[in-house]
Amino acid sequence: MSGTFVGMPAFPEAARDAVRDTTLRGNLRHATHTIRAKRAKAVAELEDWARLREAGRQIKDRTLRRLDHYLVQLEEAVTAAGGTVHWAADADEANRIVAGLVRATGEREVVKVKSMATQEIGLNEALAAEGIAAYETDLAELIVQLGDDRPSHILVPAIHRNRGEIRDIFARTMSEWGRPAPDGLTDTPAELAEAARLHLREKFLRAKVGISGANFMVAETGTLVVVESEGNGRMCLTLPETLISVVGIEKLVPTWRDLEVFLQTLPRSSTAERMNPYTSMWTGTRDGLTGEGDGPRAFHLVLLDNGRSDTLADEVGRQALRCIRCSACLNVCPVYERAGGHAYGSVYPGPIGAILSPQLRGTASEIDASLPYASSLCGACYDVCPVAIDIPEVLVHLRERVVQGGPVTRRGAKVTLRPAKGHAAERAAMRAAAFAFTRPGTLAAGQRLAARTRRFHPRRLPGPGRAWSDSRELPKVPAEPFRDWWLRTRGGKDAEK
Amino acid sequence: MRVALFLTCVNDTLYPDTGRAVVKLLERLGVDVDFPAGQTCCGQAHYNTGYRHRAEPLARHFAEVFAGYDAVVTPSGSCGAMVRELYPRMGARARAEGRGTSLTSALAPVVPKTYELTEFLVDVLGVTDVDAYYPHRVTYHPTCHGLRSLGLGERPTRLLAQVKGLDLVELPGADECCGFGGTFSVKNPDVSAAMGLDKVRAAESTGAGVLCAADNSCLMHIGGTLARLDSAMRPVHLAEILASTEEEQLV
Ligand code: SF4
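Here the protein sequences come in this chain order: A and B.
All residue numbers for the first sequence refer to the UniProt record's numbering, where the first residue is 1 and numbers rise by one.
All residue numbers for the second sequence refer to the UniProt record's numbering, where the first residue is 1 and numbers rise by one.
Everything labelled a hint here was simulated from the structure, so no lab data went into it.
Careful: at least some of the hints might be erroneous.
So the derived list for chain A, only partly shown, Cβ under 10 Å to chain B, looks like this [as the list claims (entries may be wrong)]:
{"id": "1", "residue": "Ala15"}
{"id": "2", "residue": "Met275"}
{"id": "3", "residue": "Trp468"}
Restricting the straight-line Cα-Cα distance to at most 30 Å, the calculated cross-link-like pairs of lysine-lysine (DSS-like) are [to be verified]:
{"id": "4", "chain 1": "A", "residue 1": "Lys421", "chain 2": "B", "residue 2": "Lys187"}
{"id": "5", "chain 1": "B", "residue 1": "Lys113", "chain 2": "B", "residue 2": "Lys187"}
{"id": "6", "chain 1": "A", "residue 1": "Lys41", "chain 2": "B", "residue 2": "Lys24"}
{"id": "7", "chain 1": "B", "residue 1": "Lys24", "chain 2": "B", "residue 2": "Lys187"}
{"id": "8", "chain 1": "B", "residue 1": "Lys187", "chain 2": "A", "residue 2": "Lys476"}
Glycine included, C-beta positions come from ideal geometry on N, C-alpha and C.
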């Protein structure tokens with residue numbers, strides 16, 4: 001994934017700063033609560049929401065079960081429509097392919113549609129290393145790019161910024177990238193949007209190469225679909241002569257008709273709209289012989305694996321590949337709301353990031369091994385997910401992988417992971433507890449000891465116990481555990497087994 | 001009907017008052033309730049922290065201890081969800097790992113007959129008015145596993161609404177997690193504490209004197225936060241409110 005996240009500390013440390021940043025907390029709370037309430041309303045309008053959700057789940061599962069078949073079908077359809085399909089096993093290969101394609105056009109700059117896949121592989125940085133400038137054209141991505149910042153949300157990458165901060169970024173940096181911000185720019189939404197429009201228009205009209213991702217790919221027709229709100233995507237997909245789309249292999253649906261489900265559930269889940277303002281669909285190139293029709297003259301589809309096949313091999317974890325990146329789970333997550341997106345150390349933050357990053361990247365790094373624990377398992381994410389990904393189930397499954405190791409697939413090969421370091425004390429405690437809990441006598445003895453020594457219990461704990469008692473009092477141990485009261489008052493009714 | 005109380009290890013050790021309240025309440029409703037002394041822990045903390053294999057013997061132990069009963073009642077939404085939602089899943093995982101159906105068949109009998117307290121009252125006994133008296137202003141926090149895993153819905157508030165003298169006030173953002181989350185509370189202490197603080201502030205904004213929930217794990221976290229803030233608000237388990245009567249008032 002993007003080099004900008006390499007060397008991230010574990011989630012708890014990264015989250016600590018965010019929790020204490022009151023501006024950030026305020027920005028996030030306001031933004032997530034607003035969209036959360038709107039989504040709930042938009043979803044409640046549909047009587048058949050539960051069935052749409054179930055249909056979405058089934059379509060994705062059916063596709064994933066025969067992904068190899070549908071990918072070949074897609075390749076044939078795209079090729080027949082004049083496009084070229086490239087296969088990229090990992091980020092490096094995808095970046096090499098895209099850089100090569102851009103170089104072959106002779107261009108030194110490209111315009112980009114908002115795309116998670118290209119962020120995942122760090123495409124902008126890779127292109128910059130080749131001397132190619134990539135301009136983000138989505139408003140929020142533009143803010144992140146101009147601010148030399150990292151995205152913190154899937155749909156609203158600049159969610160951590162407020163209007164005042166955005167104004168300052170525009171006024172300070174637009175001139176370095178192209179048309180400067182107008183003098184006396186204020187922080188009203190209309191003025192900020194107009195400044196971005198003027199700045200971007202210049203780039204749209206000049207660009208010869210566009211780069212996109214896709215929300216969906218239809219296997220039977222070879223059609224790609226981008227769903228957006230601003231219209232910048234439509235510009236990038238239609239104006240340039242060459243279009244390069246980098247798409248994760250899990251974005252497939254078998255038939256055109258399957259879109260019916262997702263084009264209802266995606267906008268309501270992500271922006272709380274009944275329908276998004278722009279849905280762009282394209283199949284290959286404009287007619288190669290006559291030059292008739294719209295769209296690019298050359299179209300390249302780069303199919304990205306980058307850990308997806310390995311994820312698909314895991315029976316519990318594979319449901320993460322159903323994700324349609326709506327970000328409803330982020331907006332409803334109490335942990336995301338307080339920790340912010342950057343703490344997740346990946347372009348995929350929030351609950352989906354916590355189950356996707358440790359699968360796509362593995363659990364070897366500190367941040368990836370800590371992500372499965374970045375949740376209280378409250379289940380709000382599962383509730384809102386339009387493709388019913390049981391995120392808590394996958395989190396617990398990945399926790400198991402971290403503490404116990406076990407079989408996983410890495411780059412197509414089955415390997416057995418060893419238990420992660422740093423969990424030795426916890427493992428010992430769990431073993432001891434399991435021992436006592438299968439022996440009621442041992443448990444009762446421990447309870448009695450705790451009750452007898454209760455006057456000596458400290459109010460605050462030292463060492464690791466501080467994690468609890470820094471912010472909360474400890475419960476007082478009662479004089480007598482329940483089981484002793486029961487024996488004393490009802491003794492003999494059910495003798496100790 | 002042979003009814004067993006599964007109190008849970010946390011309540012047994014730290015909150016015996018909740019256990020006494022459940023016994024008192026059920027006996028008042030004419031239920032002959034037993035506390036099988038062999039009971040220990042459902043294995044939830046093990047399972048949720050990633051030690052599924054360590055949770056398996058605890059689940060088997062649970063199934064053995066409660067085998068002879070018609071109903072198992074627990075005053076904990078999360079432990080109830082462990083048995084009902086996660087025991088079947090544990091069995092399925094063992095099967096998928098090629099370990100046969102022995103775990104599934106060992107656990108299957110206890111799964112459908114395990115009830116969270118409010119389910120047992122409303123669905124099995126068919127009561128919402130339990131003749132309780134509790135003259136306080138109360139706000140109710142529906143804990144996540146009760147709310148989303150078990151789908152307790154309005155059962156707890158229907159019960160509370162019938163309590164004489166009780167003034168039930170709505171908790172803003174009630175469905176938001178309090179931040180406990182078992183080992184989450186110590187693995188991510190900063191986020192957990194921030195969530196707890198927000199929950200406490202929302203509760204205090206209601207003007208209630210009592211914060212009620214049907215799970216003492218969450219109340220331990222919320223109550224610990226209240227105590228650290230020297231708040232006048234008290235955390236009280238739902239069972240203790242329902243057990244309280246005019247003759248024998250719990251405070
Ligand atoms: S996991 Fe579900 S809710 Fe979260 S972004 Fe993906 S589809 Fe949306």
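For each hint, the structure was consulted:
{"no.": "1", "hint": "Ala15", "in the structure": "5 Å, holds"}
{"no.": "2", "hint": "Met275", "in the structure": "28 Å, violated"}
{"no.": "3", "hint": "Trp468", "in the structure": "6 Å, holds"}
{"no.": "4", "hint": "A:Lys421 with B:Lys187", "in the structure": "15 Å, holds"}
{"no.": "5", "hint": "B:Lys113 with B:Lys187", "in the structure": "34 Å, violated"}
{"no.": "6", "hint": "A:Lys41 with B:Lys24", "in the structure": "43 Å, violated"}
{"no.": "7", "hint": "B:Lys24 with B:Lys187", "in the structure": "37 Å, violated"}
{"no.": "8", "hint": "B:Lys187 with A:Lys476", "in the structure": "22 Å, holds"}
Consistency with the previously given hints fails for numbers 2, 5, 6, 7, ordered from lowest to highest.
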